[in-house]
Amino acid sequence: MDETPNRDHIMIRRIQRRILGASIASLSAVCLMAAGLNSMGPDWDGDCGNNQDAGNKPSTAVSVSYGFSVETRTIKGCLKGPASSGGLAGETPGDYQDMFKVVIRFPGEFQISTTGPNGTTEFDSLLCVFDFQGRPLLANITGEQGQLGSTVGNQSTDGFFRIDRPGAIYISISGADSRPVDGNGTPLFAFTSNRTDVVGPRQAEGGPIADWDQPGQYGDYIIALTGVGPIPPGCGAENTSSCTVVHALPFCDVPECCESVCAVDPHCCEITWDEPCVGTAQLVCNQGQAGCGRKGIGPCNEAHSNPFCDDPICCARVCLQRPFCCEVGWDPGCAELAGQICTPPCNDECRTDLNGDGVTGAQDLTVLLGSWGRGGCPDLNNSGTVDGADLAALLAAWNTSCGS
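Going left to right, the sequence shown walks through residues 1 to 404 as this note's numbering numbers them.
A hint or two may mislead.
With a straight-line cut-off of 30 angstroms between C-alpha atoms, the simulated DSBU-like cross-links for lysine-lysine are [to be verified]:
#1 K76 <-> K57
#2 K80 <-> K101
#3 K80 <-> K57
If you are wondering where the hints come from, they were derived from the structure by calculation, not from laboratory data.
Please construct the entire structure, taking both the sequences and the accompanying hints into account.
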């Protein structure tokens, strides 16, 4: 779609942020109540003694994920060092860095550490924190002089960089000599001559992480966590909270409502359930249940007596402009507005008929080429990108009619 969901998400989140004021204090209160599920939080067996090795980049990081607690106390793992046998062609042997995805619950209390009493390390460690896009936030080599362990809190030693929002992040551990770099090989963090400094990004808009500059030390470790929680396994998990209340962990407790909200705003199921997510839930859900996007509720381009319609993104866009459509009924005015501001749904019965004229031909080819490299209806094989495979599929159906 040209009017991509990303644009819709940005528009909706901006509107919801204007409607709903941010409140870290209220978030903390909610999370404190939710902490009753498990006040201590479990330990996470990272990647030693099992078949899953934590990768060293966001794309290969291991999500600390379970559905029964809002807190995670420790992550246990090991860097195995040089590979015991040769790897595949082009593969870099050895295990010198591990990365995990977790959630910051309380920014003011956030800390990760490989020093006592709960954290340990067999090697000279480096701890790094990255945002949900893999951009650098904070890092530390030595928590205290004379120690091997590292400690990162919620701000840099100079006070210039600070973590002040809850949500999903990535944390990494490596040997002190192994540093993260961007796509140009430039170091991401502004390390100083003082190894005890907690440092921020080398550049204001640094990253994201692309690789590591070299191997480093290795061995077993335990990372102690404070103010940190897991990634719930999905909508409706036990450790999520109400869809209509701000909370740090992503997802919310009613699967149907949660799925409707995240169809409009994936941020809510990937990063955190923040104020815009609550605002969207109030808009697209019906008494906490599914509203916008519910199957069988009625098409967006046709009038029906029920509020809401079956396309969650279109429904949300319409109701932002005309709340009546999600409060009273989807009348002809709602259907007309949907036709004006929403991208028509894909033709599932005749995928190659992109312009809806009943025949696959030159106009459909124009639509496909105009979406080249992106997604949407011309992505005929659902690969996520319009490319040569989709062009071949369209040409194979050239001059055919729907149903023929």
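(Q) What's the verdict on K80 and K101, does the C-alpha distance respect the 30 angstroms limit or exceed it? (A) holds, 20 angstroms
Q) Taking only the CA atoms, is the gap from K80 to K57 under or equal to 30 angstroms? A) Status holds; Cα separation ~17 angstroms.
Q. Are the Cα positions of K76 and K57 separated by 30 angstroms at most?
A. Roughly 18 angstroms separates the two Cα atoms, so the pair holds.
Consistency with the previously given hints is maintained throughout, with no hint failing.
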